[in-house]
Amino acid sequence: MHLSVRSVTKRFGSVTALDSVDVDVRDGEFVCLLGPSGCGKTTLLRIVAGLEDASGGTVTLDGADLTHTPARHRGFGIVFQSYSLFPNLTAGENIAYGLRLRRVAAAESAARVRTLLDTVGLPGIEERLPHQLSGGQQQRVAVARALAVDPKLLLLDEPLSALDAKVRVSLRDQIRALQRRLGLPTLMVTHDQEEALAISDRVICMNHGRIEQADTPEGLYMRPATRFVAEFVGHMNFLTREDLGRIGPIRLAGGEASGTTVLGIRPEHVRLSPDEGCGNVLSANVVSRQFLGATTRLDVDVNGSRIVVDAPGVAPHVEGDAVILALPPERIREFPA
Amino acid sequence: MTSRSLRLDADRVFIAAIGLAIVVLLLVFVAWPMLIIVGKSLTTKTGFGLDNYWRVFGGRKFATVTWNSFAVSTTVTVITVALAFVYSYALTRSAMPFKGAFRFLATLPVFAPSLVQGIGLIFLFGRNGLINTTFDLEIKIYGFWGIVIANVLYSLPQAVLLISTALAVADARTYEAATVLGAGPVRKFFDITLPSVKFGLLAAAFLVFTIALTDFGNPMVIGADYTVLANDIYNQVSGQMNFQLGSVVAIVLLAPALLAFQIERIANKRQFALVADRSVPLAPKKSPLFDACMFVAATLIVLPIVAVIGMVVYASFVKGWPYNLTLTLDNYLNNTAQNGYEPLVNSVLVSLIAAVIGVVTTMAAAFVIRRDQGVVGRMVNGIGLLPAAVPGMVLGLAYIFAFNKATGPFSLIYDTLLMLALCNVFHYFSQGMLTASTSLRQISSSFDEASACLGGRVVDTLRLVTLPLVMPTLLAVGIFFFMRSMVTLSGIIFLVSPGTNLAAVTVMLLDDAGATTHAAAYSTLIMLVVIGSLVLLNLVLRLLGKDAPRAAI
Numbered sequence: 000m001h002l003s004v005r006s007v008t009k010r011f012g013s014v015t016a017l018d019s020v021d022v023d024v025r026d027g028e029f030v031c032l033l034g035p036s037g038c039g040k041t042t043l044l045r046i047v048a049g050l051e052d053a054s055g056g057t058v059t060l061d062g063a064d065l066t067h068t069p070a071r072h073r074g075f076g077i078v079f080q081s082y083s084l085f086p087n088l089t090a091g092e093n094i095a096y097g098l099r100l101r102r103v104a105a106a107e108s109a110a111r112v113r114t115l116l117d118t119v120g121l122p123g124i125e126e127r128l129p130h131q132l133s134g135g136q137q138q139r140v141a142v143a144r145a146l147a148v149d150p151k152l153l154l155l156d157e158p159l160s161a162l163d164a165k166v167r168v169s170l171r172d173q174i175r176a177l178q179r180r181l182g183l184p185t186l187m188v189t190h191d192q193e194e195a196l197a198i199s200d201r202v203i204c205m206n207h208g209r210i211e212q213a214d215t216p217e218g219l220y221m222r223p224a225t226r227f228v229a230e231f232v233g234h235m236n237f238l239t240r241e242d243l244g245r246i247g248p249i250r251l252a253g254g255e256a257s258g259t260t261v262l263g264i265r266p267e268h269v270r271l272s273p274d275e276g277c278g279n280v281l282s283a284n285v286v287s288r289q290f291l292g293a294t295t296r297l298d299v300d301v302n303g304s305r306i307v308v309d310a311p312g313v314a315p316h317v318e319g320d321a322v323i324l325a326l327p328p329e330r331i332r333e334f335p336a
Numbered sequence: 000m001t002s003r004s005l006r007l008d009a010d011r012v013f014i015a016a017i018g019l020a021i022v023v024l025l026l027v028f029v030a031w032p033m034l035i036i037v038g039k040s041l042t043t044k045t046g047f048g049l050d051n052y053w054r055v056f057g058g059r060k061f062a063t064v065t066w067n068s069f070a071v072s073t074t075v076t077v078i079t080v081a082l083a084f085v086y087s088y089a090l091t092r093s094a095m096p097f098k099g100a101f102r103f104l105a106t107l108p109v110f111a112p113s114l115v116q117g118i119g120l121i122f123l124f125g126r127n128g129l130i131n132t133t134f135d136l137e138i139k140i141y142g143f144w145g146i147v148i149a150n151v152l153y154s155l156p157q158a159v160l161l162i163s164t165a166l167a168v169a170d171a172r173t174y175e176a177a178t179v180l181g182a183g184p185v186r187k188f189f190d191i192t193l194p195s196v197k198f199g200l201l202a203a204a205f206l207v208f209t210i211a212l213t214d215f216g217n218p219m220v221i222g223a224d225y226t227v228l229a230n231d232i233y234n235q236v237s238g239q240m241n242f243q244l245g246s247v248v249a250i251v252l253l254a255p256a257l258l259a260f261q262i263e264r265i266a267n268k269r270q271f272a273l274v275a276d277r278s279v280p281l282a283p284k285k286s287p288l289f290d291a292c293m294f295v296a297a298t299l300i301v302l303p304i305v306a307v308i309g310m311v312v313y314a315s316f317v318k319g320w321p322y323n324l325t326l327t328l329d330n331y332l333n334n335t336a337q338n339g340y341e342p343l344v345n346s347v348l349v350s351l352i353a354a355v356i357g358v359v360t361t362m363a364a365a366f367v368i369r370r371d372q373g374v375v376g377r378m379v380n381g382i383g384l385l386p387a388a389v390p391g392m393v394l395g396l397a398y399i400f401a402f403n404k405a406t407g408p409f410s411l412i413y414d415t416l417l418m419l420a421l422c423n424v425f426h427y428f429s430q431g432m433l434t435a436s437t438s439l440r441q442i443s444s445s446f447d448e449a450s451a452c453l454g455g456r457v458v459d460t461l462r463l464v465t466l467p468l469v470m471p472t473l474l475a476v477g478i479f480f481f482m483r484s485m486v487t488l489s490g491i492i493f494l495v496s497p498g499t500n501l502a503a504v505t506v507m508l509l510d511d512a513g514a515t516t517h518a519a520a521y522s523t524l525i526m527l528v529v530i531g532s533l534v535l536l537n538l539v540l541r542l543l544g545k546d547a548p549r550a551a552i
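Each protein sequence line maps, in turn, to chains A and B. Numbering-wise, numbering that gives the first Met the number 0 puts 315 at position 316 of the first sequence, and it's gapless, one number per residue. Numbering-wise, numbering that gives the first Met the number 0 puts 401 at position 402 of the second sequence, and it's gapless, one number per residue.
Be aware that one or more of the hints could be misleading.
Taking beta-carbon pairs under 8 Å as the criterion, some of the chain A residues facing chain B (in silico) [said to hold, decoys possible]: (1) 0; (2) 1; (3) 48; (4) 69; (5) 77; (6) 79; (7) 101; (8) 151; (9) 152.
I should point out that these hints are in silico values taken from the structure, not numbers from a laboratory. Beta carbons are placed, not taken as given, at the ideal position from N, Cα and C, and that holds for glycine.
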């Protein structure tokens, strides 16, 4: 099973929502489309689903061209953000909807519904109407409904965004476990970077209708390819040429920074009170302090440039304290200015 | 988000086919008759020209009649909007008791033909009216003030509906902010309340103006020598068989109606664009003095409505008005002057047919508008809104020219109840379509999409999901067409024949012939049928376990 999106472009009037995008989802793979609202991720998912026409490019599944196949003939399962369960049908009837359209016998269909409800952890709720279920339960029924027709590909359009934080995390884990067990290739849209990192095999980070980077969650976080990715996924301190002028030369793993690029370092990679022999030692003053639970976030001033530092646990520093910090060369990344 | 597509898919063809069918229906039953009436007004003995217009405009009476129409409509508008505002304010911003009853009583006039107000007023204030005979007075109700009062009572419900909706969507936080900043009640009224409903008031004003301008029943009954444009059309056509001159007057009536309708629509849109998504609804607080004042005001406003309709019901049980007030069922049992109850049966049949055709066509139109964002959808939306601006009399007259022919393709519907039903369907098409559209828009598009991804065709989604969801609206739209068809007079007045007479026309004929108590009995029966159908709808909905939709008035 291999979904392949090639040079897909989508224009709404004069606005280009997608600009020649390539995406692959391989057998058993969980891929996330991550990006801010308006980046084109939902449009891309809808083009894959067949709910939207591409202005150009192709969508193929195992080599078969699907670009002009209507949604109802694609055989994909989809789960939307808003509860899209049919409100007039019971949970059981919702799950059986696709089977009913395929004229599956009633007994067989009922057995399938029972199995699916067990699978999503909601046994025995066949007769309930959607409004009698909680948000998390509704989304699990929606997943069961999408799985009922043995989809070749599962599409998830921000399925967790409307849920409470706790429910969101537990359902996220359930979906991931289920997807692993079934080996079902899945494409999910989300704007939540933590969610994308936690659930995916691969994350495709998008901005302004283009793909910024497609990588494993670790690769995306540790080796962001662009400033956009670095800023969108996690937090990053950026040091421009002006900053280097104020704080002095900075050594990188491969030599001294030339000043033609922008340097980036994550707050948790900045070291406080470093040992002897560390590179790039700077003296700074604490401007503000925020206690975040697992870490303490310090905003420090180095000769007029600001750097954010995440220290583990409860940092002893208070506002106005002088601190020594180091920027380990191997942790610094370079981006085009 | 929408998209343009070049691919030919069975679903898209299906939607486009329905759309085209609706467009064809609207062209045949709305656009074409209107073109013909324009053509008719330009047809002279010698060919084509503006001669008819010069004859009408040059006529001695024309200036007076036009002036009369505008004088009546303007007066009605000012009085109705003022009263409707007070009434709506009492309903939405006070904590007065019996709000439900007040809401219901204010809708009463919608359940009866417009001439019932006129008939009721005459029972009260006419030459032989209860007030004049009892107190030996000589109040003269016939003419200008009679028409004005009757039309105020008739148009009040629709103005109240619009204004109270506008008042109801207030955001409590605005008022709280003003209070915290030190604004008193008078300040808040002029700084927040009035500005927030100004477009609603404007829309109500133009709606009332149109109703008063195009109403035919009340001037007919109570106008006496005071002629307005609507009567003039009737006199030209039915009295003098002068179709060309009738068409000219109809077009004179159409022009301001079109303009008023456009302004009303724009104002309405502006009013409801003001509604924020997450406003905190305003819950009126108890304030004994203010609530008591509002209660008295609302009672004084609703009293005439109830009194006038109550008089009609009372008179329907009276032996000989006003000298023999013995109660009797004679008016019901021996109501034979105008073919007995055949017209009432006809009316019920016409209304049922109109309800079925109305529901199917307006729902199909709304469906196409929702699902096709291309040319077809926009065409349906555009032409579908046209009839709202066309006064019933104008459409009815146009139907005579277009369809009342014993030969040709329309000979099948010539002089049938179906023809009358079609006239009503297209007369009220826009309101039905708007109601259906609003209801469809509330159904999330993700249902359609989820269904499509599961392999459903558009037809499957319609059958299994959409139709069950809009069932309450379907019934409401059906009841709307039924009610309107039961009570309308202006649309069908030119189209009825002795064999296809309708109840509302019979009331007019009975009243004209001096059989006022019989007319009253007939009116009461119409109201009974209409209210009965509403009760029935509510029972059905309760059995289905659904909330009753707000009756589309």
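Hint check:
Because the closest C-beta pair between residue 0(A) and chain B is about 17 Å apart, greater than 8 Å, the hint is violated. Taking 8 Å as the C-beta contact cut-off toward chain B, the hint placing residue 1(A) at the interface is violated, the least distance being around 20 Å. With its C-beta approaching chain B no nearer than about 6 Å, residue 48(A) sits inside the 8 Å limit, and its interface hint holds. Hint status for residue 69(A): holds, given a least beta-carbon distance of 5 Å to chain B, under 8 Å.
For residue 77(A), the interface hint holds, the least distance from its beta-carbon to any beta-carbon of chain B being 4 Å, beneath 8 Å. Because the closest C-beta pair between residue 79(A) and chain B is about 5 Å apart, less than 8 Å, the hint holds. Taking 8 Å as the C-beta cut-off, the interface hint given for residue 101(A) holds, the closest approach to chain B being about 6 Å. Below 8 Å, beta-carbon pairs count as interface contacts, and residue 151(A) has none with chain B, the closest being about 12 Å; its hint is therefore violated.
Look at residue 152(A): its Cβ only gets to about 10 Å from chain B, farther than 8 Å, so that hint breaks.
Hints 1, 2, 8, 9, counting from the list given before, are not met by this structure.
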